[in-house]
Amino acid sequence: MQSGYLYELAIGGAGVPKSNNDFFKEKKIWSKVKDELLGCYLTPYFSKILWTRKPILYVDGFSGKGKFDDGENGSPITALECLENSMLRYKGNNKPTVKMKFIELNHAEDLINNLSDEQKQRSEVIAGKFEEQVIPLLQNAANQNRNQNVFLYIDPYGVKALNATLFDALPDVFQTVELLINLNSWGFLRMAFALKKTDFREEEDKIFQDLEEYDSSTAATIEEINDIAGGDYWQEIVNNYNKRSIDGYQAEKEFAQKYKLRLREKYNYVLDMPIRLKAGNHPKYRMVYATNHPDGCILMADNIVARTDRLIVDVQRGGQLNLFEETAENEIISIDELTEKAKTMLNNLHNYTRLKTFLADFYNTFGILCGSSKLKEVLKELEGCNYIEVKRTPALTKASKPKPTRFWDEKGEKAIELKRMS
212 MQSGYLYELA
222 IGGAGVPKSN
232 NDFFKEKKIW
242 SKVKDELLGC
252 YLTPYFSKIL
262 WTRKPILYVD
272 GFSGKGKFDD
282 GENGSPITAL
292 ECLENSMLRY
302 KGNNKPTVKM
312 KFIELNHAED
322 LINNLSDEQK
332 QRSEVIAGKF
342 EEQVIPLLQN
352 AANQNRNQNV
362 FLYIDPYGVK
372 ALNATLFDAL
382 PDVFQTVELL
392 INLNSWGFLR
402 MAFALKKTDF
412 REEEDKIFQD
422 LEEYDSSTAA
432 TIEEINDIAG
442 GDYWQEIVNN
452 YNKRSIDGYQ
462 AEKEFAQKYK
472 LRLREKYNYV
482 LDMPIRLKAG
492 NHPKYRMVYA
502 TNHPDGCILM
512 ADNIVARTDR
522 LIVDVQRGGQ
532 LNLFEETAEN
542 EIISIDELTE
552 KAKTMLNNLH
562 NYTRLKTFLA
572 DFYNTFGILC
582 GSSKLKEVLK
592 ELEGCNYIEV
602 KRTPALTKAS
612 KPKPTRFWDE
622 KGEKAIELKR
632 MS
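Start counting the sequence shown at 212; every next residue gets the next number (my numbering).
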């Protein structure tokens, strides 16, 4: 695909988002969890990509002020601090070029003022609408060097700025592309219901309360909603909701699942983390992550597990510790259930498969039911009972009397392959 294709993408008019000045008065806990999800991923991401010595382009499409009025950092400063930490650890020569681009419509001047002199040297603030700025930015980057790694963070006030065609184009243009998207699934459904003249049976105040990021603007045409969703699959969900064959909770979950499946047409691994303020409530929104690399998938899955623990304890339970480990969907998954799901996947493995590929495929298939360390414990047990064959590189220890290696971490030169026992 030619990079000029980016110029041909049709961006539906998203309107002017509201300024949401109140949003910046105090950083709420769910916003902290969201930025922690970003920050805890970016430091190892930058560290890994720096060692490839290939350029990095980081784009924050809705950057905000950079700081909240209570002194808490926003996503731009979070990202810059992650980059700085990674740069300090990088001991190689010829550091690759890293470009940090922050697009912001309403608060570009505030953002510039909130950056330190060093941070200003490392970054560029682009004043304007994401929909108007992002394609020229990416087009220019592609013209300069397509052999670079792109990370796109999109945290809009609504969903009208999302464009599936743009997301489709990027992996064909750049070396690697990773997306982290704040998907306001309920905002999308509300807009779709309005266009299809379907009564919204949910309590809007209950769903959208405390959600300053929400933009209540509507779509004018079905094509506009198709551009956001990447197809017309949403119409069946709306029709089923209208017929009362599914409720609102099911409609939201089904839309999120089909949105992920749509992204998987171009990205091998797509994960999501629902953000709930109370256990059992409708998600306020979902953080959706997409990549073509198993390492990134596993890293983000572990990151989501850690952020889920914080969200459940600090937000949903008001600081009270939980006796049982829950998933982001507030499910309690037993070891037996994990083992059965692992066996389901292993039964289809007749050739050796890299451990990291197996783990990433597990998350892609079943969702984030646990961290990778627990999954490895399940596999360790299956190896012990001769359910799977495990091939390790190196196969032997470096001791004077070498023994078979038993490690379960793929670090450095270590590699693990596994398959179902014949």
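If you are wondering where the hints come from, they were derived from the structure by calculation, not from laboratory data.
Note that this is a predicted model, so its numbers are computed, not measured.
C-beta atoms are modelled at their ideal positions from N, C-alpha and C, and glycine is treated no differently.
Be a bit skeptical, because a hint or two may be false.
With a straight-line cut-off of 20 Å between C-alpha atoms, the simulated DMTMM-like cross-links for lysine to aspartate or glutamate are [said to hold, decoys possible]:
#, residue 1, residue 2
1, Lys567, Glu600
2, Lys591, Glu542
3, Lys567, Glu537
Pairwise CB distance ranges (calculated) [to be verified]:
#, residue 1, residue 2, range
4, Asn358, Tyr444, 28 to 36 Å
5, Glu434, Gln461, 36 to 44 Å
6, Glu592, Glu343, 50 to 58 Å
7, Glu540, Gly282, 32 to 40 Å
8, Thr604, Phe577, 54 to 62 Å
9, Ile546, Arg455, 33 to 41 Å
10, Asn558, Thr432, 45 to 53 Å
11, Lys259, Tyr563, 21 to 29 Å
12, Lys259, Lys331, 23 to 31 Å
13, Thr604, Ser633, 14 to 22 Å
14, Asn503, Asp280, 18 to 26 Å
15, Lys622, Lys408, 52 to 60 Å
Hints and how they fare:
no.	hint	in the structure
1	Lys567 / Glu600	holds (15 Å)
2	Lys591 / Glu542	violated (24 Å)
3	Lys567 / Glu537	violated (23 Å)
4	Asn358 / Tyr444: 28 to 36 Å	holds (34 Å)
5	Glu434 / Gln461: 36 to 44 Å	violated (26 Å)
6	Glu592 / Glu343: 50 to 58 Å	holds (54 Å)
7	Glu540 / Gly282: 32 to 40 Å	holds (33 Å)
8	Thr604 / Phe577: 54 to 62 Å	violated (27 Å)
9	Ile546 / Arg455: 33 to 41 Å	holds (38 Å)
10	Asn558 / Thr432: 45 to 53 Å	holds (46 Å)
11	Lys259 / Tyr563: 21 to 29 Å	holds (24 Å)
12	Lys259 / Lys331: 23 to 31 Å	holds (26 Å)
13	Thr604 / Ser633: 14 to 22 Å	holds (20 Å)
14	Asn503 / Asp280: 18 to 26 Å	violated (39 Å)
15	Lys622 / Lys408: 52 to 60 Å	holds (56 Å)
The structure fails to meet hints 2, 3, 5, 8 and 14 from the earlier list, while all remaining hints are met.
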